Amino acid sequence: MILSLAFKNVISRKSSAVIVLFISFAVALMLLINSVFDSTEHGIEQTYTSSFTGDFTIRPKDNMLLCLFGDQTPITGELSHIETLKPYTEIVDYLNNNPLVDSHVSQVTGAGRVEANGHQPFTYIFGVNGEEYTKIMNAIEIVDGSAYGKERGIMLPVFLADWLEVKAGDMVQFTVADGPHVRIRAAKLSAIYKYPVENEIFESIAIADPYTVCSLLDMNTSSENIEIEETKSDLLDDELDWDDLFMTDDVFAEDIWDDSAATIEDLFASNDEEVVEEIEEAYPESTTWNFICGKVAPGQNKARVIRSLNRDFKKKGWPVEAVNWRNAAGSTAMYLYWIRLIFNVGIIIILFAGFIIINNTLVVNVLNRTREIGTLRAQGGTRLFVSLECMTETFILSLVAGILGSVIGCLISKGFNAMNITISNSFLIQLFGGTTITSILSVSVVLKSMMLALVIGLIGWIYPVRSALKVTPVKAMQGGE
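Start counting the sequence shown at 0; every next residue gets the next number (numbering that gives the first Met the number 0).
The hints are simulated quantities; they were obtained by calculation from the structure and are not laboratory data. You can trust all of the hints, since none of them are fake.
Okay, derived cross-link-like pairs now, DSS-like style, lysine-lysine, Cα gap no bigger than 30 Å in a straight line:
1. K447 - K13
2. K134 - K85
3. K166 - K134
4. K313 - K85
5. K85 - K60
6. K301 - K447
7. K60 - K314
Quick list of the computed label-pair ranges, beta carbon to beta carbon:
8. A296 - W337: 30 to 40 Å
9. K314 - S423: 44 to 54 Å
10. S145 - P98: 27 to 37 Å
11. Q119 - I422: 30 to 40 Å
Predicted model only: the values in this text are computed from it and were never measured. Backbone N, C-alpha and C fix where the C-beta goes; we use that ideal spot for every residue, glycine too.
Please build the complete structure, drawing on both the sequences and the hints.
See the structure below:
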């Protein structure tokens, strides 16, 4: 009975068409905007996870806002000392045996100036195994040379390579100032690469072998001690200037590095083969790392995998944590998030203005029916019956408006994609995650838009129905208020 009565009332009233159109417009607008933002979010995430963050990043627990670029605390905004991952070997073993993790690569982070041909731009330095890194960060496209493996090497983005006027095979050096001291390390440029999207942050990243970065930052590359017979340790005495192994004031890098890849022999600069062999055996794989970037196994939910990793880390008592791509990227991604949030606030303001119009329409619609409501009450209709009848009308209006708005929104979204809107501004490219603004429709977006229609309709009916129910049946039948 209630459904039949509500349907007849909706059909008979002209105001119903106005309400449906208003709600449909709000639904269509929300659907289009959410589709564009979902596309943007997907594009940015895809770009970052396949370029330098991975699906997850494991970092040391710290009080500062730590990301792959170091300390992101607004007060400092500079790269400061980063704790190392401990216990590194156990963490790697755990990841290797975890079916939720597909692959991972370790990283040490530094910052300094990269130098060549008189140019000295500032850069963040990621110390990684080049071959492993480019396999996981598969968005990186090498345009000149090839990725280094366990040997020494440097890889630069096209922007930095052009600035430094270098090509694959040229010598490049890093400089880091540590108070009154300056450390200089050099290696050959093994590859020049580019990212799928132009980004100022990407253009400031240089990739180098971890031993070069650790030496540059004066970090111990192993948690184990190197033991060499005393009779063969003259090379390692206290009087040795370790910086001389890499660079002096009078000798440039070319005098140290020959055309072949640098090896352990080059590192220790010894002609004593027996000493070199003993050093090489005692020199274990580095356990000094700041981060581990990884990919989840195909078909796995990234957020669930991160939660699972953190549960296991907590159980094992390891002072590390896994974070998603946005936290790993730090402020480089967060400012895009805040910009998107500002856009959303603007949309909410627009929808709120529309809601006021809809609510006023509903108020007028209900108050014009006070005689009808009074008659129902006089004939024995309870407050609950009247409320349910009004709410049923609202449900019908909202459902029709939601369906209509979704259809309109889908059509607009397809038309939007057909326009193939391209952008060239670097900031907008970062914001939308690519050079083309697209709209991706999904079931979740449509359902959210439908829910919006129901919420707008139901909330809009609360005040006018309560106002109408306050009128006594006698006054209502007399047309009073």
